[in-house]
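Each protein sequence line maps, in turn, to chains L and S.
FYI, in my numbering the residues of the first sequence are -7 to 270.
FYI, in my numbering the residues of the second sequence are 15 to 191.
Keep in mind that the hints were calculated from the coordinates and are not lab data.
Any given hint could be a false lead.
[Claimed, not checked] Distance windows between CB atoms, simulated:
1. Arg156/S / Asp214/L: 37 to 47 Å
2. Lys94/S / Asp88/L: 20 to 30 Å
3. Asp187/L / Glu182/S: 47 to 57 Å
Glycine included, every Cβ here is placed at the ideal spot set by N, Cα and C.
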Amino acid sequence: MLLPFDETATSNTMTHETTYNPKRLLELAVLDAHGLLEPIESDLFNRSFHDAPAAIQDEIKLLQEDLALDTSLLPTDMPPQSLRKKVLDAVAETADKEAQRLAPIALIGARASAAQAKFGSSKQAVFWRTAAIVLFGISVVLGVITLDTQRKANQIAKIAINASTNNALFEMVGSDFANFVGNPYCHVIRLERKDGNTNGYLRVAVNERFGNGYVIGIDLEDNEEIIIQGTTQSGETFELTRITADSPIVGCKFDLDPSLVAGMTITAFDAKTGKRWV
Amino acid sequence: MRRVALGEEDAVAELYDRYCALVFKLSIQFLSNNAEAEDAVQEIFVRLWKTADRFDPRKAKLVTWVMLITRRHLIDRIRKKTVRPKHQEFTEQHEVSATESPIPSNISIDERNAHLWEALQTLSEMQRTVIERAYFQGFTLREVSRQLDAPLGTVKSALSRGLLRLRERGLKDATSI
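Just chain L, same shape as in the assembly (with noise of 0.2 Å):
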């Protein structure tokens, strides 16, 4: 049933590995069923079971249950009769002592009735019940107070950010690029890219009076070329412009014929890859 071993395969250590190999896995198997990986390479067979085909999960399960039902070389003693009350007994004391260790989460959740018809009128229940409202109106205040705080990091820090981004793209297209993006003529777009990599966009904004743009490309991917091309309205496709993302944000003007600026579709795509941004 089992496949062969491959000599090489086993030979390596495995706390490198990331997912076993099939074969791997199936000696592996082995050693699980038998409890002895260590929890780190346990954690690791389970994670590269789950990713196995269905076909090798089922070996595995298979190989697995009749590992654990042989008997062939186990002594034929048999347990004695009066072994089993005393599991019973050892189960049933452990729940009761678990149950008693968390009867105070008890009486918050959903066993509350339950609970209380036991414990309803103790002082110990009385004090629970009042210890963990406070506490949960303390989380709630604290919680409250938490989110404001955050809310105004994130104001302060997207104001910061918005400057900082504000003050590159001055450096890079000139301080007129306020005005130009300002301007009523001027159309402004997003474009990202269609693999559904979401790293990065490029802004592509055009005055359709004057016929020049900018284009800006933020959190691009090292070194990645872009070039920005327009499709007029009669199908006829031509580069804008191409940046390269030599830093974080990048951007460029570019000039046009005003006449061939309205109606057209701006696209982009990687000069090297060909992938597509819409």
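Starting from the known structure of chain L, arrange chain S on it as the hints suggest.
Chain S in isolation, oriented as in the chain L frame:
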């Protein structure tokens, strides 16, 4: 196991009735003493009750889970019970043969374990040594690897193959009876 996790007494009893023989036999094999084995069985069922919510039926059958917890518990018990030499002491005392056992095996060579003992003798020296040390003496695989001065991967491989060969041997014996 969901019912066991919820603390239903009937479910624990049902679990005991289904698996007590397996758990007891394995405990006897590890501990070779009825009283100790009975104590271990009680502790194992308590551990099963405590960890019941971690059982994932998509990953393993119930019997696999029960025996895994049983084996882990018995190995833990042996580790607690046995004073095992540290690596340095071990190498100083056992320079003659790395495969010589650093401490006596917990499995007694009596009639009760005769089949197991015979089956162990059919294995290669490496396989027999790693099974005795890791499985019956409670050494970690890293400790065994250091003791034998063998790569961890080789120890794991030998252990896995040895355990499978033991199972095949056991099945062969069972069918020939």
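Should the hint that arginine 156/S and aspartate 214/L are 37 to 47 Å apart at their CB atoms be regarded as holding? holds (40 Å)
Please check whether aspartate 187/L and glutamate 182/S have a Cβ separation lying inside 47 to 57 Å. holds (51 Å)
TODO: Hint says 20 to 30 Å; check whether the CB-CB distance for lysine 94/S and aspartate 88/L agrees.
DONE: Given about 25 Å between the Cβ atoms, the range holds.
Every hint from the earlier list agrees with this structure, and none is contradicted.
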